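Enquirer: Residue-level listing of the chains:
6 protein chains.
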Amino acid sequence: MYHHLKKLMYTVNVGTPDPRFGNMLLEQFGGANGELAAAMQYSIQGLNCDDPDRKDLLMDIGTEELSHLEVVGTLARMHLKPMKSDRDAAHADPLIAIAGGGGVSLFNSMGNAWTADYLKITGELDVDLRSNIAAEARAKIVYERLIDFCEDPGTIDALQFLMTREITHMKAFTAALESMGKPALSIGRIPPTPELVNQYFNDSTGTGDRGEPDSRGPWNQGGEWKIVDAPAFQELESEKTGTRAANGHSRSEAQMNKSTSAKAEK
Amino acid sequence: MYHHLKKLMYTVNVGTPDPRFGNMLLEQFGGANGELAAAMQYSIQGLNCDDPDRKDLLMDIGTEELSHLEVVGTLARMHLKPMKSDRDAAHADPLIAIAGGGGVSLFNSMGNAWTADYLKITGELDVDLRSNIAAEARAKIVYERLIDFCEDPGTIDALQFLMTREITHMKAFTAALESMGKPALSIGRIPPTPELVNQYFNDSTGTGDRGEPDSRGPWNQGGEWKIVDAPAFQELESEKTGTRAANGHSRSEAQMNKSTSAKAEK
Amino acid sequence: MYHHLKKLMYTVNVGTPDPRFGNMLLEQFGGANGELAAAMQYSIQGLNCDDPDRKDLLMDIGTEELSHLEVVGTLARMHLKPMKSDRDAAHADPLIAIAGGGGVSLFNSMGNAWTADYLKITGELDVDLRSNIAAEARAKIVYERLIDFCEDPGTIDALQFLMTREITHMKAFTAALESMGKPALSIGRIPPTPELVNQYFNDSTGTGDRGEPDSRGPWNQGGEWKIVDAPAFQELESEKTGTRAANGHSRSEAQMNKSTSAKAEK
Amino acid sequence: MYHHLKKLMYTVNVGTPDPRFGNMLLEQFGGANGELAAAMQYSIQGLNCDDPDRKDLLMDIGTEELSHLEVVGTLARMHLKPMKSDRDAAHADPLIAIAGGGGVSLFNSMGNAWTADYLKITGELDVDLRSNIAAEARAKIVYERLIDFCEDPGTIDALQFLMTREITHMKAFTAALESMGKPALSIGRIPPTPELVNQYFNDSTGTGDRGEPDSRGPWNQGGEWKIVDAPAFQELESEKTGTRAANGHSRSEAQMNKSTSAKAEK
Amino acid sequence: MYHHLKKLMYTVNVGTPDPRFGNMLLEQFGGANGELAAAMQYSIQGLNCDDPDRKDLLMDIGTEELSHLEVVGTLARMHLKPMKSDRDAAHADPLIAIAGGGGVSLFNSMGNAWTADYLKITGELDVDLRSNIAAEARAKIVYERLIDFCEDPGTIDALQFLMTREITHMKAFTAALESMGKPALSIGRIPPTPELVNQYFNDSTGTGDRGEPDSRGPWNQGGEWKIVDAPAFQELESEKTGTRAANGHSRSEAQMNKSTSAKAEK
Amino acid sequence: MYHHLKKLMYTVNVGTPDPRFGNMLLEQFGGANGELAAAMQYSIQGLNCDDPDRKDLLMDIGTEELSHLEVVGTLARMHLKPMKSDRDAAHADPLIAIAGGGGVSLFNSMGNAWTADYLKITGELDVDLRSNIAAEARAKIVYERLIDFCEDPGTIDALQFLMTREITHMKAFTAALESMGKPALSIGRIPPTPELVNQYFNDSTGTGDRGEPDSRGPWNQGGEWKIVDAPAFQELESEKTGTRAANGHSRSEAQMNKSTSAKAEK
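Residue numbers (my numbering), protein chains in the order written: chain A, 1 to 266; chain B, 1 to 266; chain C, 1 to 266; chain D, 1 to 266; chain E, 1 to 266; chain F, 1 to 266.
Some hints could be false.
Copies of one chain are not kept apart here, so a pair can be met inside one copy or by any two copies together.
Claimed, not checked - Below are the DMTMM-like pairs computed for lysine to aspartate or glutamate, each with C-alpha atoms no more than 25 Å apart in a straight line:
| # | residue 1 | residue 2 |
| --- | --- | --- |
| 1 | K84 | E151 |
| 2 | K55 | E144 |
| 3 | K226 | E239 |
| 4 | K240 | D126 |
| 5 | K55 | D214 |
| 6 | K55 | E224 |
| 7 | K84 | D229 |
| 8 | K55 | E237 |
| 9 | K182 | D214 |
| 10 | K240 | D229 |
Bear in mind the hints are in silico, worked out from the structure with no lab data behind them. It should be emphasised that the depicted structure is a prediction, and the values quoted were computed from it without experimental measurement.
Taking the hints into account, I'd like the entire structure generated from these sequences.
Expert: Written out as C-alpha cells, the structure reads:
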C-alpha cells in the first residue's frame, strides 16, 4: 500500500525556465533509463521476489524512485511551462506544447512514449540485481550529462541530489548481489559446458585503420582463456584447401564443438 | 566489413518439430534478451568506442552473436515449419502461420516485433560493459528455461552450446570492466555528494504478512551505511506534531539534504 | 514523496492458481485500461495541475491506483507462478514463462509491453477529468469481464473490491468536473462557430441490411440540431446536374460553410 | 461501403507555407488525439455496435472524421512541402524531409508513427460513448492550441471549422449517452459493493508548499461520501502502537474492507 | 470528402462462428499487410501526389480498401463474438475477450496494435507504386493462407472476393508504374556510379550443408554483371600475405572502389 | 557463420562534422528504410528460403547490408560526436546527446527506436523479392535526399557508393524474380476470380479542384479492364429510385459479385 506526502523529496528551485533543457530533462522522466523505469523495474522485481530481505530492498528503492519521478517531473514542468504560449519555446518539443499544453507527460526528449520494453525483469533474483546495477550506472551518467547541459543552479542542485542517490542504489544492489554468492558460473542451475566456456572466438580480425594487431587483454588471455582464431575464416580456408576431416568437420569446427561432448545431462 | 560463411556455427539437428517450442524459442531470436539484441548492443557500442582494445572485444562478441542469431533462427524455422499447413500448430503462433507462412521473423514468443528499445547503449564504456554483463546473465537464464521446456535432444545440444557461450561472454565483459578500474563511485566525472551517498532511505516499512521486521543486510548496514527511516512518515509526523524547524525543514528533510551543502562544484 | 507499507490494500487469497486466468488478469496490470495507466494518468495530471484542490484529488486517486497495481500484480503473480515449470501452463503466456520465469511484468494479456500511449493527459483540467471519467468506466467493465471469467472465490473478492473503487473514482471525477462549470461549449477559450456547431452531417446513409431508415434521436434532432443530409452525395449530384452556384460552391458546401463567416476573432 | 468525392469538406487556402507549423499540425493527422484516431475509434465502435440507431451515429461521425483527416492532411502537406529542398525547413521535421520528401505520413509532431494504442474501444456502448466525449474534448483543445500557434488566416479558418465540428460531435455523443440512461452506478451488470463505493481514500496528505490543508469538495464530502484518512499512515501507526485488532486487522483496514462482506453474489 | 453507405461491398454470411479463425482473420484487419494498412498507404500517397491521374488511381483503390476493411471487420466480429462469454473461445485472444468484450479492434492475430510503421510512403510516385505492388502481393498470399485455414464456406466466399481484388490492384499499380517509364536506373535524379552498379559482391560463400557451390543466375552473371568474390576474405588474405598495394588499398578494395572515381557531380 | 573484418567496406572521410546532418543520416542507420532493415529483411528471408540459389542471393545481399550499416554508423558517429559537449549541437538530437553521449544507436532522425515492424517477410519467395525491389527503390531515394542535404564532400562520396549499391541490389532482385516466372496472376496457388479480377472500381469521383474528369489510363482501360463506376453512389441511387432487383441486389452489386459464382474450388 502506498501513501503520498504533498512534499517533494528534494525541494526544487528553478530560476529562469529553459524549455530546451526541460525537453532534455524528459529523458529522466519518461526516458529509457529514467525514474519511472527504475521505479517499475525494482518494484515489480520486488513483487516477484521470494527472498523477504532483498524483496524489502527492492521495495525501498523502488519507492524512492517514485519520489524521484515526482521531483524530476516537477522540475521538467517548471522548465516546459512557457511552451504553452511561446512559439520559440514550443519548437523545442511540439508534442509537449500542442498535445500537453506545456505540461509533462511520459515521453522522452524525442517524444517517444515510455514503454515497458525498457525494463529488465527476469524473476531470477541475482540476474535482476545485475540488471539493476547496470541500470543505476546508466542513470548516473545520464544525470551527469544533464548537469553538463544545465545552466540553472537550482536545477543543478536537484540533479546532483538525484545523481548521488543512483550511486547509493548501485552500492546497495552490488552489496545485495555479493551477499548472495552467485558468480557468473553459478547463474541458474545448468552448468555451462566445461571447456567451451573458456574459448574466446576472435570473430573480428584485421589490422584496422591504424595497423594495430588484434587486441589481447584479461578478457581473452591468461587464466583459463583459449583463443579460437577467426573460426569462419579458418573454415573457409579448410574448404578451399580440402583439409576437412573425414567426419566432415573442419579444423575450427572441431575446435569449437568437441568440448560439448561432455555436456551435462539435463 | 562482414563476411558470411554458409555453415552454422553449431550444427543443428532437430528430431520431431515442436511448433509450441518453436514459438518459445523466438524469445532468443526476436525477443528482448535474444541474439539480435546482443549482436546489435555490442556491435554498436563497438562502433562508438574509442578504446581500440575493448572495441575489438565488442566487435568479436557482437559478431559471434550474429552467428548465434543464425543458429537460433534455423532451429526455430525447423520447429515452426509445420505451421504452414497444420491448423493446431498454427494456433501456437498465428502470426508466424498466417503472415509468415511458417517462416521465422523478428518477433518474440508473443508476436511482438523486435525493437531497439531493448538495447542499452550509453557511449560510456564502463557503463556499457555493466549493461552487457547483465544482458549475458539474462540470456543465460532464458536459455536455461528453454532447455527446461525442450524435449528434443538435438535442440537441447544446440541450446547448451549457446547458453555456454553467454557465460563465456559474461566472463570476458567482467574482465574487461575490471581492467578499467572504474568502480561505482568513479563512473563519469562528477562525484556524488559525500554523505548523502551513504544514506539508505527505508521507504518501504511495516511488518509484512508474516510479521517480519524491516530487513537489514550489507546493502544498508555496516561500513558507511546510515539508515534514514521512513522519511515520508517522519515528515507527516513532523507536520502533525509541529516539530518543523524554524527554517521550515522537518527532521527527515534536514537529514536527507544537509549533506548536499558540500556539493562538488561543477 | 511516497511511502510504501508492506501490506496490501486488500488482502489476497487465491485457492487454486489458474495460469490462463492469470494471463487475462494482466490486462489490469500492464494493459491499456489497467492500474498503471490509471496511476500514471492521474498522478501526472496532478503534477501539471494548478488548481490545488483538484490537484489533491488527482494525487489521492493516483496514489490509490498504485496500491491497486500492487494488489493486481500480487494476484497475477499467484496465478502465473506455475508457468515456471508446467509446460501446459507455460503455453498460456510463453513470454511470462520463458522471459519472466513465471513472474509478472508490465505486459497485457497478449504480451504487449505497457506504453504511455495509453495515457490521456492534456494539461487542461476539465478535459483531463473527462478523460478520467471515461477511463474509470472502461476499468469498471474490464474488471466485470474478469470476474465473469474467474472461478476462484478469493480472486473474485479482490476484483469486486477493485471494481467498486473504480466507480468511486468515477463519481469523484464527475463531481469535480461538475463543480468546475465547464460544459462542452466552454472548453478552452475559443468559441465554436455558432451555426455550424448545430449541424449534424448525415455521412452514413442507406437502408442497411434490414431496411431500416436513417436513425433519428436526441443526438441529431430536436433543440438546435439541423441535419445536413449526405453532403458528399449532394455534392456529386450537384456536379452531375450542373447546379453549382456561380461562385463554384454547391448546395451542400454552401450549407456547411456559410456559418463560418461569423467566425470569432482570435 | 465507402465513396470518396474529389472535393475537400472544407476548402483550404494557405498563404505562406510554414513548415514549423506544418509539423505541429501533424498532431491532428497522425497524433494521439487526431483525426485518424477519431475516425477509427468511432467507425470500429460502430462495427461492433448492436444498437442500430447509435451504430448509425457512430458511422456518421466516423465517416466525417475521415473527411477531416483529408482536410488536415492537405493543410499539412501544403505547409510541409518546402521541406523537400529547404535545409532550414527540413530541420523542423527531418523524418518528413528525408523519408517523406516533404509529404505527409501518419506521424505526430515528434515523428511517432500512429498506433492503435491511442484508441479506446470496449464494445460496451455507454462506456464507448464516454470515451468519445472525452476524445472530442481533447481534440477541441488541441485545435485551439494549433490556432494559437498559427499565423496564416486561411489555415486558421480551416482549423476553426474543424474545431467547431468536434464540439458538435461532443454534443451528439453526450445526447446519445444521456438517452441510454446509464449513469456510473449502472455500467455493466455487476453492482459495486454498497458502502465501499462511497468511501474516499485520502491517500495524499500533508500541508503542501503553501501550508494548505487537504482539500474538500463535492468529490469527497457531502451526499454519501465518507472520508478514510491516510489509510497507509493509519496502518503504520497501528503497527507501531500495537492497536491491531485481535483478528489481525488494523483500524484502517477494517474501515476499508468491512463493507465488502455484503458483496453481491455473482 | 467521404460518404459511407450502410451496405457492405460484399455480403457476408457466416455459418458457425470460429473464434480461433476470427483471431487469425485480424491479420487482415489490424495486421501489417491488412486492409487498414492498404487504405492508409494508398490514400496518403494520393494526398501527397502531384500527378492528377495517378492520384485518382491511388484514391480509387485507397477508398476501396476502406470498404474491404469494413468487410473484414464484419467477418471478424462475427467469428469473435462468442469470446464475450465462452471461456475456451476467450483463450484464443484474451485481449479481444477481456478488453474488447468480443468486439474487434485494430490488433493483429497476436494482439499487436496497428502501427503506421507498417506503411511505406516516400512521396516519390514511382517508388510508392513499387511499394504498392509488393503490398498487394503480400495481401494476396495472406488471404490465400486464411482461406487455407478456413472451414466456413461463406467466409471463404468473402475471402476469395477480397483476395481477387488485391490482384486487380496489383495489376493496376503495375500498369501505372510501367506507364511512367521509370526503371531502376532512373529512380530519382542522381545516377548511380557507372561500373560499381554492375558489381555483384559475393559476401556469403562456402559449400553449404550439401556441398553446393556458390549459386550463379541472371542476378549475378550475364549481361553487365561482374562478380567480386568474397571481398572481406580477399582483404584478410591481402593483409596476411602483404599484398596490399603501395597506396594502402588491397585488391578487393581497389576493385570495389575504383569505379567511384568517375562519380557524377551532384 | 559471420566474420567481421576491421575495415570498412568504403573508407569514410568526414571534413567538418555536421550534427544536424548526422541526425538526418540516422534514417539510414535505424530508420524504416535503412541498412539494418535491409540486412535483416534479406538475411531472414534467406533463412526461411528453400531455393538454394536464391537463398544464396539473399544472404549475399543481406551480408553486404550489414557492411553498409557499419559504414553509415561510422559516418553518423563522426557527425554526431560534437553533441556530447556542444549545446547547440545537442538540440539537433537530445536523445543522442543525453542518452547516447554523442554516440549512435538504432534510432531514426526523430529518435524512434528501430522496430521489426519495418520488415516485410512472408516466406513466399516471389512475394519477398517484390518487397525487396520496393525496399531498394525506397533506400535509393532516401540516399539521394541525404546527398541533397549534405555539404561534406567525403560524406557525399560514401553516400554515392551506398546509393549505387541499392540500385545494384534492385537489379539483382528484379532478375531473380523474373527468372522465377511468377507474374501477379500466379502468386500463390489459388487463382483469383476470373471476371472480377478485371473490374476497376471507380471509388473516388468528382471533378476535383480544377474540373478535371476522372482519369483513365492503362491501369483502368484497355485490355481486359472494365470500369465499375462509383458503386456506392449507384447503390444509393438504386435505393432511392427503387431499382433494386427482385433478388434484393442492386445494379452495382450484381455487377461486382456475379463473377464470383465461378469461384475456384478450394
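Enquirer: Using 25 Å as the alpha-carbon threshold, which applies to K240 and D229: within, between, both, or neither?
Expert: both (17 Å within a copy, 13 Å between copies)
Enquirer: Can you give me the call for K55 and D214, within, between, both or neither, at a CA distance of at most 25 Å?
Expert: between (44 Å within a copy, 10 Å between copies)
Enquirer: Between K182 and D214, at a C-alpha cutoff of 25 Å, which is it: within one copy, between copies, both, or neither?
Expert: Cα proximity of K182 and D214: across copies only (24 Å, versus 32 Å in one copy).
Enquirer: Checking an output row: K55 and E237, CA cutoff 25 Å. Within, between, both or neither?
Expert: between (54 Å within a copy, 22 Å between copies)
Enquirer: For the identical chains here, do K55 and E144 meet the 25 Å Cα criterion within one copy, between copies, both, or neither?
Expert: Between. Shortest inter-copy distance 24 Å satisfies the 25 Å Cα cut-off; intra-copy 29 Å does not.
Enquirer: At most 25 Å between alpha carbons: which applies to K55 and E224, within, between, both or neither?
Expert: So K55 and E224 pass the 25 Å test across copies only (22 Å; inside, 36 Å).
Enquirer: Can you give me the call for K226 and E239, within, between, both or neither, at a CA distance of at most 25 Å?
Expert: both (24 Å within a copy, 24 Å between copies)
Enquirer: State whether the alpha carbon distance between K84 and D229 is at most 25 Å within one copy, between copies, both, or neither.
Expert: Neither way: K84 and D229 sit 60 Å apart in one copy and 36 Å across, limit 25 Å.
Enquirer: Using 25 Å as the alpha-carbon threshold, which applies to K240 and D126: within, between, both, or neither?
Expert: Neither way: K240 and D126 sit 47 Å apart in one copy and 33 Å across, limit 25 Å.
Enquirer: At 25 Å max between alpha carbons, let me know whether K84 reaches E151 within a copy, between copies, both or neither.
Expert: Both: 22 Å inside a chain and 16 Å across chains, each within 25 Å.
Checked against the numbered hints listed earlier, the structure breaks hints 4, 7; every other hint is satisfied.
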